[in-house]
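2 protein chains.
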Amino acid sequence: MKLLEDRIRRDGKIKSGNVLKVDSFLNHQMDVKLFAEIGKEFLRLFGDCGVTKILTIEASGIGIACVTAQYFDCPVIFAKKNKTKNIAGDVYTSKVESYTHGKVYDIIVSKEFLRPEDRVLLIDDFLANGSALMGLIKLVQDAGATLVGAGICVEKAFQPGGQMVRDLGIRVESLARIQSMSEDGHIEFC
Amino acid sequence: MKLLEDRIRRDGKIKSGNVLKVDSFLNHQMDVKLFAEIGKEFLRLFGDCGVTKILTIEASGIGIACVTAQYFDCPVIFAKKNKTKNIAGDVYTSKVESYTHGKVYDIIVSKEFLRPEDRVLLIDDFLANGSALMGLIKLVQDAGATLVGAGICVEKAFQPGGQMVRDLGIRVESLARIQSMSEDGHIEFC
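Line order of the protein sequences matches chains A and B.
Numbering of the first sequence is given in numbering that gives the first Met the number 0, commencing with residue 0 and proceeding in unit increments.
Numbering of the second sequence is given in numbering that gives the first Met the number 0, commencing with residue 0 and proceeding in unit increments.
Calculated from the structure, these hints are not laboratory results.
Among the hints, erroneous ones may be present.
[Said to hold, decoys possible] Below are the DSBU-like pairs computed for lysine-lysine, each with C-alpha atoms no more than 30 Å apart in a straight line:
hint, chain 1, residue 1, chain 2, residue 2
1, B, 32, A, 32
2, B, 102, B, 12
3, A, 80, B, 137
4, A, 137, A, 110
5, B, 80, A, 94
6, B, 32, A, 1
7, B, 80, A, 14
8, B, 12, A, 94
9, A, 32, B, 110
10, B, 12, A, 102
11, B, 137, A, 94
12, B, 94, B, 14
13, A, 94, B, 94
14, A, 39, A, 102
15, B, 137, A, 12
Extracted from the complex, chain A is given alone in its bound form:
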């Protein structure tokens, strides 16, 4: 998606350790006009898949998922990172390793909202090592729901997550796939 690639080139900042900061428009400050274009693109890609639920993970996937869901005319569920008093006992759970935060945490989703008859589209802002996406996939599988695929905004294609998930036979559509990047600001897209 050229619009997103151009925006990453213009406003993305490359930091040491292969960190790409897109927090001026994607995951801290959020450009909802860009999200609308992203949502339309996901609709173009997955619009004929009979999606009944969009599943994402807190926190930065939620905004993109909600704007996208308006085009799919379906609800969003976000997997929560901690078990709180406000979620009843009946949850699906999986483990996610955060490379950004350097820890492993549980994600949960209430069984009430993820049903065997659901056709689920996963949405997230980033795909790098694939841990969050694998965690979401397990939730869908545990629910016995149908996984339609995953819509990702930015994939770091030089990290193993995308290949790992595609090797499972799961459709992954990434709107911007980064082949390489360097701290002098150069970004190569696939």
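Mind docking chain B on chain A? Use the hints.
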């Protein structure tokens, strides 16, 4: 807002300890069509205030804030609950006490995105003891930005947060204000 009150009566679940679960449509599963109506109502209330940024707090405020921002045609910023490697050092910070999770945590927002010239609308799903809202207010004040007011979906008017914030001279608009509720399922709105 009658639509939201009706939805709370229909799908809200009252648990012990004055917990109102609205996780089937507001803060776990999210009904984005309802969010659109909420966004239009916030526009009706704050549309003439020259809002340049919507500020919310992760996680459950993000979806409502993003859908609302589409009507205001402005970006969203969400205050993050933990300092991650991906946020640079220059942040405004304040403390928030979570009654749901039973702990105090820091919230941060990058100084880059909250500027003295901004006119900020706060958006959140719940207002009860007011700790999250007070934390957001401090971020706006620290930035020297103008606080236009706060748009809240559900206010527990029998808890002190709403009064506390209004006593500071801050405009708070809550779309559903709960006067009382009881575990037999009865809810009284203000």
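- Task: Given the hint that residue 94 of chain B pairs with residue 14 of chain B, test it: the Cα-Cα distance must not exceed 30 Å.
- Result: holds (27 Å)
- Query: Quick one, are residue 137 of chain B and residue 94 of chain A close enough, alpha carbons at most 30 Å?
  - Reply: violated (34 Å)
- Task: Given the hint that residue 32 of chain B pairs with residue 32 of chain A, test it: the Cα-Cα distance must not exceed 30 Å.
- Result: holds (18 Å)
- Message: Can you confirm whether the C-alpha distance between residue 12 of chain B and residue 102 of chain A stays at or below 30 Å?
- Response: Between residue 12 of chain B and residue 102 of chain A the Cα gap is close to 33 Å, so the pair fails against 30 Å, i.e. violated.
- Item | Hint consistency between residue 39 of chain A and residue 102 of chain A [alpha-carbon to alpha-carbon, up to 30 Å] | violated (34 Å)
- Restraint check for residue 32 of chain A with residue 110 of chain B, where alpha carbons must lie at most 30 Å apart: holds (22 Å)
- Would you check the hint for residue 94 of chain A and residue 94 of chain B, treating anything up to 30 Å between C-alpha atoms as holding? Roughly 28 Å between the alpha carbons, so the hint for residue 94 of chain A and residue 94 of chain B holds.
- Does residue 102 of chain B pair with residue 12 of chain B here, judged by a C-alpha cut-off of 30 Å? Given pair residue 102 of chain B, residue 12 of chain B holds - Cα atoms ~24 Å apart, limit 30 Å.
- Query: Has the given pair, residue 80 of chain B with residue 94 of chain A, been kept, meaning a C-alpha gap of at most 30 Å?
  - Reply: holds (20 Å)
- Would you mind confirming whether the straight-line C-alpha gap from residue 137 of chain B to residue 12 of chain A stays at or under 30 Å? Roughly 28 Å between the alpha carbons, so the hint for residue 137 of chain B and residue 12 of chain A holds.
- Message: Run the distance test for residue 12 of chain B versus residue 94 of chain A: straight-line Cα separation, threshold 30 Å.
- Response: Roughly 28 Å between the alpha carbons, so the hint for residue 12 of chain B and residue 94 of chain A holds.
- Query: Given the proposed pairing of residue 80 of chain B with residue 14 of chain A, does the C-alpha separation stay at or below 30 Å?
  - Reply: holds (22 Å)
When each numbered hint is compared with the structure, violations occur for hints 10, 11 and 14.
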